[in-house]
Amino acid sequence: MSEGQPSWVAAVDAAPVVEHRLADIVSGGGSPFVVLTESAEALAAGEGLVLIAPFHPQPLCRTLNDRGFETWAEQLGEALWRVRIRRPPAVADGALSSGPRFWFDAQGLHLDVRALPPPSPMIEALRVLDGLSGGEDSVLLHTPQFPVHLLPELEDRGWAWEDVTGTSEGAVLRLSRDAA
Amino acid sequence: MAINLPLGGAAQRLLHPIVPGALFGFAVLAHVAAWLLLGWAAPEVIAGQGGPGPALAAVHAVAVGVLLPTVAAAVMQILPVATLQGAPPAWIGLIVFAALAGGAVLLIGGFAVVTLPMVQGGALVMAAGLGLFLVVAVRLTWGARRAGPGDTVKAVGGALVLLTLAVGLAVVLATGYAHPILPDRAAAAGAHAAGALFGGIGLLVMGFSGILLPMLAVAEPPPHGSARPAIATALLGALLAMGGSLFGLPVLVGAGIVAGLIAAGLHIWLMQRALAKRMRRRLGREFHLIRLSWGLLVLALLTALGIVAGVLPDRLEGLVVVLALHGWVLSLLTGVLQRILPFLASMHTVRACAKAAVVTRLGWAPPLTVHAVCHAGAVALVAAGIVVEIPLLVRGGAILGAVGAVAFIVFAVSVVALTLRHARAVGPKSSPVSVSVGES
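One line per chain: the protein sequences are U and F, in this order.
Using my numbering, the first residue of the first sequence is number 43, and each one after it goes up by one.
Using my numbering, the first residue of the second sequence is number 1014, and each one after it goes up by one.
Simulated from the structure, these hints should not be mistaken for laboratory data.
None of the values given here were measured: they were computed from a predicted structure.
Yeah, the Cβ is synthetic: ideal placement off N, Cα and C, and Gly gets one too.
Each hint can be trusted.
Stretches of chain U that chain F covers, calculated by requiring three or more beta carbons in the stretch to come under 8 Å of a beta carbon on chain F: (1) 161-170; (2) 190-200.
A few chain F residues that face chain U, going by a derived Cβ cut-off under 7 Å, partial list only: (3) THR1096; (4) LEU1097; (5) VAL1231; (6) ARG1293; (7) ARG1294; (8) PHE1356; (9) SER1359; (10) MET1360; (11) VAL1363; (12) VAL1371; (13) VAL1372; (14) THR1373.
Could you build the full structure based on these sequences and the hints that come with them?
See below:
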């Protein structure tokens, strides 16, 4: 056991619900962020999963920590990290459901922050975008109103934006990484 | 490509632009007047003299000329947008503007030319406008609780108590010019200043900073309940200072100022903690002014404490007021305004234009640099002039402040001009395209 390692890590290592390899997700055309957050959301209280990655996915861990999950990353070698993600036993399923929602359809990856109270939509959107890997170059962002304050931050992070449409329930922006 | 974006429910959160335009426009004009009046009042300010005259006009130019219209516009327009509520009808906004602006002109003018009927008339008109505005403010602030800043409700509640007391004292003071009813006018004026400035304005600043500053920095507001100690301490401090001043008990005034210092420290610590976790990568120049405002608030309170403790001469009461109003309040307001004006303009481009304009492109930056340099220099010069008793220094500082205030007007005009240019460049909205809005 490495120094400071929480006791729950051994239990997850012994019986992970699933073990993901980042390279397999990417080569399969999947979105690592979506796959891993969906896997984490599917965990029952006390269950955990393992991710094998060539780097420490800190933005992903931070996002999951913010949503109440526990994470522990350990470097096993050069470009080899083992990350454990666990839903704590004390946290009920519903308690973690207040974060952003994701889904895929023919239009691509959707990130929906409409259900969050202000000012969380902007903050959560930026957290998630900061956590996306380089493979995810286009996102449809659903917000409760047009996110005027978000636009400079998106541009600062290299995301181009296009206002796509609006509904009575909010606004939608199509975000894409700047080629430059 | 079809580019269109209905405001996503925010259309009803936007007042007609004439309302915030009028309120903010009045505030930036009063900003110039506040500095010029300060220069005119240099001998009185140095001597720490009260009573009707240009010094009181300069003080009220900041308080009711710049601060009140800005708070009214922020509450009626920014709060609905920031907390997803419906904005009040435009006609209410226009009545509030007419009463606040008309009352302010009469009050400030009346003090400046020492015409008491003007002062009394202005106070009445303003009180009517404030009454209507407070009804709107209480409804919106109460509705904002879901957005997290429940502490704002408590701070605004405390501010209302203190402002009511301070306005009550002001009415008695104004009436007393013709029919003296107060045994000690100076004591009542001191209590009015303590209650209105460090109490009412302080709690308003504390309450709305909890919403506005995190919004500007794209940060989570301080946790619910975390501002309660600061609010309670500020309220206690203001009440102690008011009571001590009214009844001639310097120990109480001193205790009130110490409580005010503790409240200011707690508030600044909370804000810094929230800003430290921001998502906005680079804070703009507005935060230089906001941080300067915090420093000047503490300096004003320390100076007041020095006077009460007998370490500093009584005549430096003028310095306390200048550090607080032209320093703390104006630094904070101009800092917040330089981000809010483009923000509001951008919201209106979302409603009216084919493509929304980015906040950072709606405003010409050089005037803001001129304003920041002039403003900081003006506060320093005026403060130095008061300390060394040189009216020329105070006047030089006031002119510098007025130059900065004019530069701020140039910035505000540039926001309007760039918004109109953007609207012409992208054209009006077209019809929307469809996108899925739920998981299939």
